[in-house]
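Participant: Each chain, letter by letter, is given below.
There are 2 protein chains.
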Amino acid sequence: MSQVQRMSRLMVKTLRDDPADAETISHKLLVRAGYVRRNAAGVWTWLPLGKKVLDNVSAVVREEMDAIGAQEVLLPALLPREPYEASGRWEEYGELLFRLKDRKGADYLLGPTHEEIFTQTVKDQCVSYKDLPVMLYQIQTKYRDEARPRSGVLRGREFQMKDSYSFDITDEGLAESYALHRAAYQRIFTRLGLDHRIVSAVSGAMGGSASEEFLAPAAAGEDTFVDCPACGYAANTEAVTFPADRAEPADASSVGPMEELDTPDTPTIESLARQLDVPASATLKNLLVKVDGEIVAVGVPGDREVDLGKLGEHLAPAVVELVTAEDFAGRPDLVRGYVGPQGLAKVRYIADPRVAPGTAWVTGANKPDTHARDVVCGRDFEVDDYLDVVVVEEGDPCPSCGAGLRLGRAIEIGHIFQLGRKYADTFQLDVLGPQGKPVRVTMGSYGIGVSRAVAALAEQTADAKGLCWPAEVAPADVHVVAAGKAAQIELALDAAERLRAAGLRVLVDDRAGVSPGVKFTDAELIGVPRILIVGRRAAEGVVELKDRRSGESEELPLTDAVAKLTA
Amino acid sequence: MSQVQRMSRLMVKTLRDDPADAETISHKLLVRAGYVRRNAAGVWTWLPLGKKVLDNVSAVVREEMDAIGAQEVLLPALLPREPYEASGRWEEYGELLFRLKDRKGADYLLGPTHEEIFTQTVKDQCVSYKDLPVMLYQIQTKYRDEARPRSGVLRGREFQMKDSYSFDITDEGLAESYALHRAAYQRIFTRLGLDHRIVSAVSGAMGGSASEEFLAPAAAGEDTFVDCPACGYAANTEAVTFPADRAEPADASSVGPMEELDTPDTPTIESLARQLDVPASATLKNLLVKVDGEIVAVGVPGDREVDLGKLGEHLAPAVVELVTAEDFAGRPDLVRGYVGPQGLAKVRYIADPRVAPGTAWVTGANKPDTHARDVVCGRDFEVDDYLDVVVVEEGDPCPSCGAGLRLGRAIEIGHIFQLGRKYADTFQLDVLGPQGKPVRVTMGSYGIGVSRAVAALAEQTADAKGLCWPAEVAPADVHVVAAGKAAQIELALDAAERLRAAGLRVLVDDRAGVSPGVKFTDAELIGVPRILIVGRRAAEGVVELKDRRSGESEELPLTDAVAKLTA
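Residue numbers (the numbering used here), protein chains in the order written: chain A, 1 to 567; chain B, 1 to 567.
Any given hint could be a false lead.
No distinction is drawn between identical chains; accordingly, a pair holds when it is met within one copy or between any pair of copies.
To be verified - Restricting the straight-line Cα-Cα distance to at most 27 Å, the calculated cross-link-like pairs of lysine-lysine (DSSO-like) are:
{"#": "1", "residue 1": "LYS28", "residue 2": "LYS13"}
{"#": "2", "residue 1": "LYS28", "residue 2": "LYS123"}
{"#": "3", "residue 1": "LYS13", "residue 2": "LYS422"}
{"#": "4", "residue 1": "LYS13", "residue 2": "LYS437"}
By construction, these hints were calculated from the structure, which means they are not laboratory data.
Throw the hints in and build the complete structure from the sequences for me.
Facilitator: Now the structure itself:
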């Protein structure tokens, strides 16, 4: 049973003002309420109150992982280069990876995620199909050298993560391990009190096939997602894929022949649309990129943006880069700012399905200061490949039912992947199968940002007065505030001890010489769900019980308050 | 309540043979019993069974730290260079420190211990003497790039440590915080079941005044310590200090004049003693060292060794180095292998108290192939400083009572320091004092090697059959072994469930197709304190209950066995 935490002894210094560099709610409030302290960009200390919340989140994660039969282990963070060299991620991670050398000059890294090492572990420990399936997890410190670490513990360079890995011999087994994790994650986030959505996701650098993200909607989130109010479809915007065959042909028989226009000083869609007095959606924007070094043009309506992430996903494993001024130098056929598909015989042309056969466009004429109009797809130019590559916008049709999509910002709090055999192939992870022959293992990988979940909870639950924790993660169940006089402090400590004896986790503000007003403000900032005030009627045994979220309070005898809190 | 752990599902692969590179008991057995797995030199994974033991040790540490009012926090391992630059340890740690750069080229280190950062934390969080005393702790991953990482988890390069720090405004306060930690450490090691000694220690690179070590006697230990069977004195051998005034004068009136001897080919004490047929203890060995670059001679009896650690402690902060061949080159007065104090007018001479005034010696004559005898201290040469600098040996007199000391090897499992104001001075850690003026804070620092404690426990408790854990740290309370038939497995699972429901942590070997012999051997190797065998008399409801340590066993009805185990 935990001890009563006395504010007179607890190391918690609250601040009235937001830290100068803080942008997000969680960053501001976790610092102001004395939960965390910054050591360096993206590197944080968890102070006593913060450590309690972090532990409470970890405990929920641990219970639910144990409940699905996952086994807890602890891997090192300092990892040798070789396995990451083998998987290709020593290079692929680029600057995101913290690399270092030991005293003998050997290369090491600080683990950003542990697929390689878990694969090696299971190769060591599991010999037969009888040893599988196995699910392993750890709650451990991860390192990623983010380009712009910010938002406090929401996106750190050193952070706490629960990562787990499943090992099966069949695709059905993997699907089951994945489903177990998916259900466990739903229970975890529900117990934590996190509003969350499960959305389709792209697998990115992780490799593998199916993957879903758990998103916590919040203005401070760095992810955008869509959901459909009509059918419930939800996806990370990068993963929204409209079928490319949505390109519905138009009738171009009444469109006149292509015509060139003198359009000086119109290198942008905006300037072009203004000069010609046409909507941006009637213009055709052509973005040049390099795909494995070869120049490719991507055509989308002028009012849309190309989503380079989606384009990269479509074309993977090819590498997509933007073209540079040097790339134009050797190509007189490519006139910067005035590219049109009708003049690109030697360039592969990828287009959004909206650039359908028979549609007519205003676009570049492949000459300086010149555009062309009535440029008809299928007549004046051909599309080599239709791909959905535009950035999704609010109101775009749902790929599942066609209704208008809603767009939102969210924090990624979990991600589950069906990796398949990518890492098993790299490390030749086989076990002896039921028929006595080696069988290649198939894997899943599953992550929860434990420290990020604390920040996400703060973002979703805080109000104007401060933090406002859900019961399961709060640093205490009750915050007892002694108004100030010695007798009130005595009574408050007595009440705290009774609540503790009844099994509650209790924080008591027993500070002498601190005004009641400061104590109330601190209690609201710290955000324990229930506040018990031992104040002016303490002598008659009457206290005030306040709900932190609703602000509702009632005066009642201490005995009744204790009974109510421990009910 | 924990779940029943089923061997059929648990990732634990036992080995019959010791790993090739393993030298110590704990290394061999923790690998063979499937507790740990090596990732790189000094870098280890804690597999499911090992993670449980590590958690059990951590839980005991946490409870006892909470009980003395220490507050748990979590600091990062990735730390900026500046605070360690300020304390001087960025340089002092030398190659022991893992250093790295981030993507912007800024210097970081992986924390080997956190005095600097805790000092900064308290400077931030504590303003007034009313905020003190405060004791903070963390159980966290530490990094030290050991020159020879070995012995498995006994001396890793990445390891788990509990480090705590106390902050007081008075020396009495520091003494109290230190005493609280000392008592907590005694309770921790007693609860863990570790045989341990508290010995005086030297503070080393940590700085500060008083310090004591907690040592776990074990053959695999890297520390040597002495204890006195007569008076209970105990110290790390490096910290044994005999009073220098123990140099009791001898009467040299009957000793003849100094005489030179032709002694070809006797550059060592051994060869000299053999040729002259005198005991090594009658010869005087003179070791040349450089102290801050100046050559100094150190004289000790020929049968003793100079303890460079003790010499360094005596002369700190001066830096002590051995002399090189180049150092001799410019000094014709120093004849290598034939140095004698009677010819060292220009060299400072430090001697062991045994080289007392009036004692006569055989020593070098400062000429090649020549020694001198009847060289009398005080007559033929002078001692500038008496210092106790010899390596302690078994039977040396106890500095406290004079009785013969015993010598032993041990593992350092804890270390407590009264740091004083060293770090507070570096970071100007002051708080507002009771008189309204700033008061400089005084600090203590306290460490327990959590992962090392696991290895120390294995070293102390293992027997010929395998690991043999004390109850509080064992990965389970009972290991239920089902002999092999389906009915026996059923009954074993049933027994396991009953034991679990009664609050015990249960491991059950329910593997099908594994022989009873292998299961018994595995159970003994894994080392859970009590083994319940569901075997040949299972059908009649009779099982065998075995004590892992004593090997004693009895047959009894299952109901009685359950009652006995849960008593």
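Participant: Under a CA distance limit of 27 Å, which applies to LYS28 and LYS13: within one copy, between copies, both, or neither?
Facilitator: So LYS28 and LYS13 pass the 27 Å test inside one copy only (14 Å; across, 48 Å).
Participant: Is the C-alpha distance from LYS13 to LYS422 at most 27 Å within one copy, between copies, in both cases, or in neither?
Facilitator: between (49 Å within a copy, 25 Å between copies)
Participant: 27 Å Cα cut-off: does LYS13 pair with LYS437 within a copy, between copies, both or neither?
Facilitator: between (63 Å within a copy, 20 Å between copies)
Participant: From the Cα coordinates, with 27 Å as the cut-off, is the pair LYS28 and LYS123 best called within, between, both, or neither?
Facilitator: Cα proximity of LYS28 and LYS123: across copies only (20 Å, versus 45 Å in one copy).
When the structure is compared with the earlier hints, no violation turns up for any of them.
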